[in-house]
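*Asks:* Here the structure of chain X is known, so what remains is to put chain B in place on it, guided by the hints.
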Amino acid sequence: MNIGHLNEKNPVSERVLARKAGLSRTTLRLLKEGKLNPTLQTLQRLAEAEGLEIELVRYPKNSSIQSEFSTAVVSLEATKEAFNSWKIHFMNLVDEVRRSYDPRLLELPPVRQLDEKRSALLAAIVLQLCDELHWPFPKWAIEMPRLPHPWFLAETESLKASAILESPILFKSKNIFVLENFLKRL
Amino acid sequence: MESSEIKKYLESLNSKLAQKEIKGEIGIVGGAAMCLAFKARAATKDVDAIFEPAQAIRQEAKAVAQEFSLPQDWLNDAVKGFLSPKIKKKVLWQWSHLTIWVPPADYLLAMKAISARWDTSDRDDVLFLINQLQLKSSKEVFKIIEDFYPKSRIPPKTQFFIEEIFDQD
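These protein sequence lines are chains X and B, in that order. Just so we're aligned, residue 1 is where the first sequence starts under this note's numbering, counting upward by one. Just so we're aligned, residue 1 is where the second sequence starts under this note's numbering, counting upward by one.
Calculated from the structure, these hints are not laboratory results. Everything numeric in this text was worked out from a predicted model, so none of it was measured. All clues stand as given, with none of them false.
Where chain X lies over chain B, by a calculated footprint (3+ residues, C-beta under 8 Å):
{"hint": "1", "stretch": "115-121"}
{"hint": "2", "stretch": "153-167"}
List of simulated lysine-lysine pairs, DSS-like, C-alpha gap at most 25 Å:
{"hint": "3", "chain 1": "B", "residue 1": "Lys80", "chain 2": "X", "residue 2": "Lys87"}
{"hint": "4", "chain 1": "B", "residue 1": "Lys143", "chain 2": "B", "residue 2": "Lys88"}
{"hint": "5", "chain 1": "B", "residue 1": "Lys39", "chain 2": "X", "residue 2": "Lys87"}
{"hint": "6", "chain 1": "X", "residue 1": "Lys160", "chain 2": "B", "residue 2": "Lys151"}
{"hint": "7", "chain 1": "X", "residue 1": "Lys184", "chain 2": "B", "residue 2": "Lys151"}
{"hint": "8", "chain 1": "B", "residue 1": "Lys45", "chain 2": "X", "residue 2": "Lys87"}
{"hint": "9", "chain 1": "B", "residue 1": "Lys45", "chain 2": "X", "residue 2": "Lys184"}
{"hint": "10", "chain 1": "X", "residue 1": "Lys117", "chain 2": "B", "residue 2": "Lys45"}
{"hint": "11", "chain 1": "X", "residue 1": "Lys80", "chain 2": "B", "residue 2": "Lys45"}
{"hint": "12", "chain 1": "B", "residue 1": "Lys88", "chain 2": "B", "residue 2": "Lys151"}
{"hint": "13", "chain 1": "B", "residue 1": "Lys80", "chain 2": "X", "residue 2": "Lys184"}
No residue lacks a Cβ here, since even glycine has one placed at the ideal position from N, Cα and C.
Just chain X, same shape as in the assembly (with noise of 0.2 Å):
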């Protein structure tokens, strides 16, 4: 395993971060350089001592999973771009989601910077998700907080009353108001 560009973003002297994260310089050394394979307790070290996190991701080898239409980096891209991207990557999402069959995807929270109102609505197409493939909630979606008003999302006078009525239970959780049709994709 190679950390060498573990601090490249955030450069401290390699002393400095060899005595925050208990190592000696030669073994933090020979870590970057590869020649060293760390434990996990180490690699927790080194990345408190970068102010870092590190999340285990398990991937079986060879997986066909396309990790870049999981929920944080979905959420990632439509905070690049117009409010409305939601339509494109959050539908992205749940493409892959059916079609890899990998509760994985759905893992991990949205990203900090993706606003209250998309968040929420990524977290009730999860809850969605996962009731109909007889999955767990993931615990991020069940605690995200519902709207404090009401989000009807086809912005039409007229289908509100279709809405209120056809949108499934888990999106009114987050006061929010789909068409039945919503996650159909064909």
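*Replies:* Only chain B this time, still in chain X's reference frame:
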């Protein structure tokens, strides 16, 4: 996939068909058509299409997927059961062994009006197409839809949606 990338993959598909001396055609619909033909979107996740000969194109599409590290179903015909037999073809690209066509704007409008997914991208696409076709009333929109689908297939929500667009103007 952006427009330029889709074109690159389809050109590769043409080359592979040429190697096997097979000629075919691909009719692109959905988001990819909005992206390629109308520049209504910057990108699309995959290409919904109908194609002939289906088996040969499916096989060579898998080879393209491998060449460019794309998902196996980057080109898929899941939509084939939903298309009207009255669909017209507007040729986008004509290569040695592959013709790429898209339906005209009026057919795309009709397709999206029938699928009635008013919470998502179809809503924006329909608004775009109404503008593109310079339609001035709900009557004109319904006439187009009924050119391709029987009136009984138009969902009530589509009627509400279309009428509200023009009531707001």
